[in-house]
Amino acid sequence: MTQPILRIEDLSISFSSPDEADIEAVRQVDLTLTPGKTLALVGESGCGKSVTARAVLRLLDANARIPHGRILFQPEGSEPTDIARLKPDSLALRAIRGNQIAMIFQEPMSSLSPVHTIGDQIDEMVLIHERVNRKQARARTVALLDQVGIPGAKERADAYPFELSGGLRQRAMIAMALACTPRLLIADEPTTALDVTTQAQILDLLRQLQADFGMAMLFITHDLGVVAEIADEVAVMYLGDVVEQGNVFDVFRAPQHPYTQALMNSIPKMARKADRVRLNPIKGTVPAPKDRPEGCAFTSRCPHAFGPCASERPARTVVGEGHHARCHLLTRQTEEALA
Amino acid sequence: MSTLLRVEHVSKHYTLSGGLLGAERRLDALSDINLSVEAGETLAIVGESGCGKTTLGRCIIQAQPVSDGRVTYHPLGGGDVELTALNKRQLKPWRQDIRMIFQDPMSSLNPNMRVFDIVAEPLRIHKIAKGKALEDKVISTLAKVGIPAEAVGRYPHAFSGGQRQRIGIARALVLDPKLVIADEAVSALDVSIQAQVLNLLEDLKREFGLTYIFISHDLGVVNYIADRVVVMYLGHVVENAPTEMLFERPRHPYSEMLLEALPIADPLRRKGRSTELRGEIPYLGNRPKGCPFHTRCKYAEDRCRAEKPVLRPVAGTAQEAACHFAETLTLKGAYEDNPPQVASAALAGAGGLPGRAGQ
Amino acid sequence: MAETSMSTSGAAAARAKRSGRESQMGLMWRRFRQHKLALASLWIVVAFYVVALLAEFLAPTDPSAYSARYTYAPPQGLHFIAQNDDGSWVFGPYVNGYKTEIDPVALRRTFVIDEEKRLPVQFLAPSKPYLLAGVIPMSVKLFGLENPRDPLYILGADRLGRDLLSRLIHGTRISLSIGLAGVTMSLFFGIIIGGFAGYYGGWFDSAVMRVVEFIRSMPTIPLWLGLAAAMPKDWSALQTYFAITLILSLIGWTELARVVRGRFLSLRTEDFVTAARLDGASDWRIITRHMVPSFTSHIIAAATLAIPGMILAETALSFLGLGLQAPIVSWGTLLQDAQNIRTLATAPWLLTPGICVVVIILAMNFFGDGLRDAADPHGR
Numbered sequence: 168m169t170q171p172i173l174r175i176e177d178l179s180i181s182f183s184s185p186d187e188a189d190i191e192a193v194r195q196v197d198l199t200l201t202p203g204k205t206l207a208l209v210g211e212s213g214c215g216k217s218v219t220a221r222a223v224l225r226l227l228d229a230n231a232r233i234p235h236g237r238i239l240f241q242p243e244g245s246e247p248t249d250i251a252r253l254k255p256d257s258l259a260l261r262a263i264r265g266n267q268i269a270m271i272f273q274e275p276m277s278s279l280s281p282v283h284t285i286g287d288q289i290d291e292m293v294l295i296h297e298r299v300n301r302k303q304a305r306a307r308t309v310a311l312l313d314q315v316g317i318p319g320a321k322e323r324a325d326a327y328p329f330e331l332s333g334g335l336r337q338r339a340m341i342a343m344a345l346a347c348t349p350r351l352l353i354a355d356e357p358t359t360a361l362d363v364t365t366q367a368q369i370l371d372l373l374r375q376l377q378a379d380f381g382m383a384m385l386f387i388t389h390d391l392g393v394v395a396e397i398a399d400e401v402a403v404m405y406l407g408d409v410v411e412q413g414n415v416f417d418v419f420r421a422p423q424h425p426y427t428q429a430l431m432n433s434i435p436k437m438a439r440k441a442d443r444v445r446l447n448p449i450k451g452t453v454p455a456p457k458d459r460p461e462g463c464a465f466t467s468r469c470p471h472a473f474g475p476c477a478s479e480r481p482a483r484t485v486v487g488e489g490h491h492a493r494c495h496l497l498t499r500q501t502e503e504a505l506a
Numbered sequence: 004m005s006t007l008l009r010v011e012h013v014s015k016h017y018t019l020s021g022g023l024l025g026a027e028r029r030l031d032a033l034s035d036i037n038l039s040v041e042a043g044e045t046l047a048i049v050g051e052s053g054c055g056k057t058t059l060g061r062c063i064i065q066a067q068p069v070s071d072g073r074v075t076y077h078p079l080g081g082g083d084v085e086l087t088a089l090n091k092r093q094l095k096p097w098r099q100d101i102r103m104i105f106q107d108p109m110s111s112l113n114p115n116m117r118v119f120d121i122v123a124e125p126l127r128i129h130k131i132a133k134g135k136a137l138e139d140k141v142i143s144t145l146a147k148v149g150i151p152a153e154a155v156g157r158y159p160h161a162f163s164g165g166q167r168q169r170i171g172i173a174r175a176l177v178l179d180p181k182l183v184i185a186d187e188a189v190s191a192l193d194v195s196i197q198a199q200v201l202n203l204l205e206d207l208k209r210e211f212g213l214t215y216i217f218i219s220h221d222l223g224v225v226n227y228i229a230d231r232v233v234v235m236y237l238g239h240v241v242e243n244a245p246t247e248m249l250f251e252r253p254r255h256p257y258s259e260m261l262l263e264a265l266p267i268a269d270p271l272r273r274k275g276r277s278t279e280l281r282g283e284i285p286y287l288g289n290r291p292k293g294c295p296f297h298t299r300c301k302y303a304e305d306r307c308r309a310e311k312p313v314l315r316p317v318a319g320t321a322q323e324a325a326c327h328f329a330e331t332l333t334l335k336g337a338y339e340d341n342p343p344q345v346a347s348a349a350l351a352g353a354g355g356l357p358g359r360a361g362q
Numbered sequence: 504m505a506e507t508s509m510s511t512s513g514a515a516a517a518r519a520k521r522s523g524r525e526s527q528m529g530l531m532w533r534r535f536r537q538h539k540l541a542l543a544s545l546w547i548v549v550a551f552y553v554v555a556l557l558a559e560f561l562a563p564t565d566p567s568a569y570s571a572r573y574t575y576a577p578p579q580g581l582h583f584i585a586q587n588d589d590g591s592w593v594f595g596p597y598v599n600g601y602k603t604e605i606d607p608v609a610l611r612r613t614f615v616i617d618e619e620k621r622l623p624v625q626f627l628a629p630s631k632p633y634l635l636a637g638v639i640p641m642s643v644k645l646f647g648l649e650n651p652r653d654p655l656y657i658l659g660a661d662r663l664g665r666d667l668l669s670r671l672i673h674g675t676r677i678s679l680s681i682g683l684a685g686v687t688m689s690l691f692f693g694i695i696i697g698g699f700a701g702y703y704g705g706w707f708d709s710a711v712m713r714v715v716e717f718i719r720s721m722p723t724i725p726l727w728l729g730l731a732a733a734m735p736k737d738w739s740a741l742q743t744y745f746a747i748t749l750i751l752s753l754i755g756w757t758e759l760a761r762v763v764r765g766r767f768l769s770l771r772t773e774d775f776v777t778a779a780r781l782d783g784a785s786d787w788r789i790i791t792r793h794m795v796p797s798f799t800s801h802i803i804a805a806a807t808l809a810i811p812g813m814i815l816a817e818t819a820l821s822f823l824g825l826g827l828q829a830p831i832v833s834w835g836t837l838l839q840d841a842q843n844i845r846t847l848a849t850a851p852w853l854l855t856p857g858i859c860v861v862v863i864i865l866a867m868n869f870f871g872d873g874l875r876d877a878a879d880p881h882g883r
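Chains as they are written, first to last, in this note's numbering: chain A, 168 to 506; chain B, 4 to 362; chain C, 504 to 883.
If you are wondering where the hints come from, they were derived from the structure by calculation, not from laboratory data.
Derived pair list, reagent style BS3-like, types lysine-lysine, alpha-carbon separation capped at 27 Å: (1) 208(B) to 450(A); (2) 208(B) to 440(A); (3) 450(A) to 147(B); (4) 450(A) to 440(A).
In silico contact screen, one side only, chain C against chain B (beta carbon under 8 Å); selected entries: (5) 526; (6) 527; (7) 773; (8) 774; (9) 778; (10) 779; (11) 780; (12) 781; (13) 783; (14) 793; (15) 796; (16) 797.
Going by beta-carbon spacing under 7 Å, a handful of chain C positions derived as facing chain B: (17) 775; (18) 782; (19) 784.
Beta carbons are placed, not taken as given, at the ideal position from N, Cα and C, and that holds for glycine.
Generate the whole structure from the sequences, applying the supplied hints.
In structure tokens form, the structure reads like this:
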């Protein structure tokens, strides 16, 4: 098995605010990324999936802290670096950012400069990371734009971001992220703002690029359909906790955590009228992080909640090969089986 | 079933001024739309951004004037009301019958008004109820959508997105409407909340005998909720078909493309399809000649580039399509005929469709 | 607003916040309070306006009462503790008297503070009957000397021996009220014109905006100068006052009209306004019930930020002698006395009105900025 490129171990992220107590936005997160594989981080808004992804590049707001946990980045043939211990904006971190790990966002318009052509912006990335002259950089830029499927790459390199459609913009953004052949690509809801046909094209593109470059990908989304399309591994987050993770086939075939099950029951099934089942939504709404139950975060909405749920945090239970879930039901079942 | 609303030859164009000295340009948002809404059905209007689905909804409810054509409402008691011919004052009584639910639960509620007043506002405007009767009506309508009576004194900012959408629904329903236009009403919501709201819409429809026009880009939700689907592309209706028929065998290549692009929440049904999806929606002001879809259509022939197809019944079906080859093409639907071996109860919901929640 | 008025205690506000019964105004107030500088500025502004309102009561003497005996008398200051010759302590406010000295070189008569002479100050001193703010008959002042014939020049005297403090207090009333009146008039025109332009749009909007651009492209000082110069000299003080207000708001309305129009335009496309239209609400109801309440906070902020400009403009005009004329007392006319360098060398205290101008302008700006930030926390 290939050596993992990024290991997140027991990561917590908390935010401080002037008038309220600190909020722990992310807790007990363990993730592993392997080259050539895609890990999808899925959850509803406010579950901490974006915060987790940003923490990997230390792109968090000034009031965020990482009280404990490790983010070990280890490209092949080098020593691991704990990104969680690096200073934001330190040289060591900047060497990783954009060079080894690149990120693409939901709205490319906000991360592309509106006053420079996309060609110039990608040239810049190439020049920072490689020892080439301007002409060589532009040749590389055009090759990249071509690779991400922008028609007429040579001419489009001289276009400004606003002259491109949403899909082309996202492609340009991806080209920029690939400019320095990163080992790890973090994609934060890259298709959410796009139409479905464009989304399908971008997902295809990412899949194909991953096959070409062999990079690891951390893919953030709220859309289970997209997860099923692109992921090898999936981690389901709820209110800061990774409640379940494993191989995408295992998790979709047999979800073990009540939240994962409920999430799957919340989406309409593609079925004929005769086979139509009424949706079975999760009751209530996601509580605010400060009202999160002491134990399992899902307690307040869980149909199976019992004794220890409200007060004790459930441990990571192995339910299959590389398939874990945090639920007291699972530990109880194991205990009962042993007894 | 009787026809509740008829849209005939409706067009909508905008004139873009070309600046101080530039030439004016015309942008056709809707071209010659024809459709009818039957009482009691849920009609979905689907398409990608810029296809004109929202504009159509707004033209139907007279939030925007049409440039051409007629929208006629047929009240259940009989008679024809040509909404497009009425002035503001004449339109007012019919505003009770046709109501709207908005997409964005944040901007559709007045932040300066209490929930009670937001829902009471339509009743006050139409002078339907006063005092205790008004209070009872508002409280009971809010109760129907799941907002408890003790919360009516709050302002919208105190509610979550899903609750706000419920309040928006209550505002639409408080006038006992016949037709409700839901414009992307669940698109901005998280998956679990979206499911709650979809169930609520379904229950309310049954309880009050409502008719819905459900505008959405999410075919998974549409398959779940709609009886009939209108597919739009670049301001045209390209297909109008009963839901099951459309998803079984679409008759327009664009419908096929939409279904093809739809991600299914089942990794076993993952598709390799890089070649199937081509191009992007052209800019509205730069519409291709002939069939609007021919630039992206893999079945396009010379005829498509020259001659614009009209929406017509497809022989032998209840479907209508605007394609020259609607009868002869065999297009792929979205239903899985041979589902993979699934037996475990845990999979009950796993074969479903994604909801596109959040932004 | 019912639950969270300005006087709400912290606990009650927290309760309102939890229950979600806090209105937009309540939220705004809570955000405003976190802005310490703005909050302090609010109190300064309030204090100035209280002074303006109670001018007759606060001013120890008549601002136009002159005394040739005390030209350019220096500030006496106000003292509270004194030590007698025998070493015993006396408490209580007093001012020092003056003694006259002849400058042996220039042979000029100058006043020197006489440390020996102590004139006790009396609170709520009886005075000649007057009307407070022109309505309430009163015959008592906040403070005065026990013997009204003694000189009382806490901040010094001017060329005619008039009390600068009293004049400053009365000037505050004129200067601040002219700012307020100017802004009120600007608001009136701005809201009506800007509101029509924003709500109906079309040719009216274009026409109004062209006019606004035209007015704003004119250099203001020459325009004011021209208009002020065109005022008939024989107008009464009151007429001049209103004419100046009108001249100031002639420019002022354009900015506010732009703000109002902008808010109308952006609100017109908000879903909740569309919803109100689809409810069948009349234009009037939509404007008054749905649109105006959504931007009152912005208007208040914009108006607050417009007041300092008005005050400065009035001060500038009067300083140049083209605005208000004596006998009206305003900060501008007071500063007029400090125009030449020789006077400044003899009586630097005549610059005190300038300090007042700086303080109130800064306070108004900070207060307005705070309001704006509170009304618009995300710069929406």
